[in-house]
Amino acid sequence: MSLLLILEQGLNGLQFGVMLFLMAAGLTLVFGIMNLVNLAHGSLYMVGAYLAATVFAWTGSWALAVALALVGTLVAGVVVELIALRTLYERDHLDQVLATFGLILFFNELVAILWGRAALYTSVPAALAGYVELLPRLRYPTYRAAVILVGLAVALLLYVVVARTRLGMLIRAGASNRTMVAALGVNIRLLSTLVFGGGAALAGLAGLMAGPIYAVQPGMGEQILIQVFVVIVIGGIGSIRGALVGAILVGMVDTLGRAFLRPVLSTLIAPTAADAAGPALASILIYVLMAAVLFFRPQGLFPARG
Amino acid sequence: MRRTTRALVAGLFAMLVASQAASAETVKIGFITSLSGPAGVIGKHMQDSVELALEHLGRKVGGLDVEMIYGDDQRKPDVGKQLADEMLKKHKVHFVSGIIWSNVMLAVAPVVTREKVFMIGTNAGPHELAGDQCSEYFFTTSWQNDQTPEAMGKYMTDQNLTDVYVLAPNYAAGKDMIQGFKRYFKGKVVNEVYTKLGQQDYSAEITQIRAANPKAVFVFYPGDMGIQFVKQFAQAGLRDQFPLYSVYTVDEVTLPAVKEAALGNFETRYWSPDLSNEANRRYVSDFRKKFGYTPSFYGAQSYDGIMLIDAAVRAVKGDLANKAGMIAAMRRADYKSTRGPYTYNVNHFPIENFYLLKTVRAADGEFSLQIQKTVFENHRDAYYQKCPMKW
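Heads up: the protein sequence lines correspond to chains S and Y, in order.
Per the working numbering, the first sequence runs over residues 1 to 306.
Per the working numbering, the second sequence runs over residues 1 to 391.
One chain only, chain Y, in its complex shape:
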């Protein structure tokens, strides 16, 4: 009896050692996004895209086995930080990726990069991380918050629009978006309104818009806020009165829920499902085939995030301890991005194109966003000069 126990214990030890040896050969990626609540649909777009990227890579990242650990931040910065702590300490991840919301990103990124672990952002781009808080260990496959509204500001200036009424939720990204818009918009801003993050009813704001009688309205209302604002704006009869220009408001996540209420709406963006390049065609068609719906920019960025990690691990031949090598590899952005080729600025934010999109109804009655023109080519963010990194 005693001998068998001893044998069992020895066997157990051997297995433990063996499993640890195996885990050294595994890339661990923690992916934080919002999977429950109203923003859960965005998290689903991102998670599905990560899974598609892994499928395209044959479930190997940089030739190594991969273990994904998904975490639901519930759109709360404190929960995001807890998840990151757990991923770092318990799972000992090599990369943390994802994150939709700028306020969550601001809580998570410093925790991760302090431990010299890579933070690969796939959506939020708060200006702090592009400027003086930039880090060698932080990369993003998306954009800096200000860039997209800068493109809209530029376009509206080119159209000689003035007397614009602007609205955004009252949080980190809302402030960035309005600041970016105003950096390139040269006309007059009639009023600048900040609403509560996650607000449902906009009747008070919409009544104020009508009373102010602007020439156009510019908003940033991501996710469910966009659905609510666009519907209520149209129902109040304002769409025929004031043209609506937006960023991150009408997209492939919200369009199925608003449909004709968004018709004719203008957006700016760095990516669109109809962007023509080989990687994007493959991503969009395989995504539709596998999941049965149209992917969004949230998804494209997350797909790119996994591809960027794959390129980094491949460049160091699977030596995950070679962090300098991985930084050098990621700075080259040497992978097939869904936006087409791009380069990294000194602060590890992309230098990329921005397009004007319009909501149209196809002959089959389906609604979609279509690229109208390029507003910016190889556009840099406004904060990279504040980033002390040199390379």
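Extracted from the complex, chain S is given alone in its bound form:
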């Protein structure tokens, strides 16, 4: 187990983490500000992946695919918010779960009708194919390195927007006390729509970046959404900072667990027992982490003040 290997696995964990962060950021804001549990966030991720894959296949231009996918998911998010979710803010969380679960079924079927059930073909854009030499003897796929950079840049941008701008101030205020912000004359409905659209675009960004690595197919959003919920619970609901820390923690724990848990276990217990326990334990490691966080800090690591 060389140092370079651990470093490379760390990068893999970071890459998975920033992907989770892009999803978690939008979801946690929506939950924090609008008090809405949105299970259909994964559907917006799927829409982003499909739009990017389709535009890239038609035009061959990755830039155009990225732009259209971002705008497309933003519009989709706003439309969903205006039509379906707006009426749900005052309702019970269980009603919201039911309604947004319905949206998942709707989007999966819609995608299956429009594009078919078979997975779409996508590939890495030519400029990002191949690998970069980060250190001597440490080669890393260029595309995954780019995902890390984009993810971290978005995290920085979100931090600046939320912590340093007037819009961010309103978002933070909305997360603390929605009624009070409305009473002060802020159009909280417009703010909600904006935040929801922004969150949708972030999910779309995660989706379009996931396309070339994962299978673009109906139901792809739910596979990642489960992990995103774990991230939010760990990070604390409504907190961007919590989402970032939680996402990178989950990405690291999951990746390092899959890579190193079995070899480490086999030095402690009999190798045959480690062979059986290793993979099983690695796949539940993030849930164990979530349970531990819930036990010691039920409000998550960085709860939004409220």
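A portion of the hints provided could be inaccurate.
[Unchecked claim] Per the computed footprint, the stretches of chain Y lying under chain S, defined by three or more beta-carbons under 8 Å from a beta-carbon of chain S, are:
1) 29-38
2) 183-195
3) 204-214
4) 235-249
Hints listed in this document are in silico derivations from the structure and should not be mistaken for laboratory results.
Every residue, glycine too, gets a C-beta built ideally from N, C-alpha and C.
Since chain S is already given, all that's left is putting chain Y on it; use the hints.
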């Protein structure tokens, strides 16, 4: 008013009786597969093939009318079991067929065969059902899980390959596949890795492969897992470094989504669209014409499943109560299979050929799998001696 009511009720009764009389003349087939979620595309291949088989039979099975009841197991064993219960109790089906996943099959097959209803598997072949849990009422038109990787193990041994890194998802079939591979592979296995069923990201595993520096890599990643693994393997630049050998990973379902990432990949299989026999040519060309895409082995097995049921019902002249007669008929495998003629082993698993396939790019730029050679002729599974059935 009262009289009309009475007349209506009487009429209703008559219709009920009539419809029941009619239903006695109908073969009811419950078909369980995954129709939603990421595996939904496999279910579509199977369902389309069943519909094509019914069309080829003029929508009669064994000369009787047929009623199909499709069920979506969502890749979950508990859902599969519920569907089977419903099909048995509510629909009173004569046959249950389909099933992609071994863990679902292990939950469903005992429920069905216990009721003395036929379970005609058209994909999953867990070793338990080939061995001590074999049943008179269970038949499969596919294979026992171990058989296909056994063929790959044999081929790789013949190529004098050693230092192989193997990966599979951590569930019933994954374990069977690796066990089958190791039964015939005589070289050294560097590492044996099991990943979560349905995992999306394989970067951690791929980094470990590169660090281990094997001579070759062998995987079993069906459906969407295959798309993800093969893409990420190629993107990490490993395809040029380590040749990839696989089973049920690159096929007609996943190839359109991975294309050049799978180029040069080797698979073993009992069937391929380019397998030359009359039934297969008809199946493949009519399937392409009707549905506009290339069928897969999942589909061929499901097509064969309906044809096997048709042969059974035909042999007993439509007497669905004659189960002994249908068992005897199915044991003869007396129908035109898409794989060509085959026979049944004592455990009702096929004795069949296995071929080596390679992913190639045709002159028109289309990607396809082509048969290279026959690895096994009339290959039996490794568990039939544990099956107590004698015939």
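Check each numbered hint against the structure and report the violated ones by number, ascending.
Of the numbered hints given earlier, the structure breaks none, since each of them holds.
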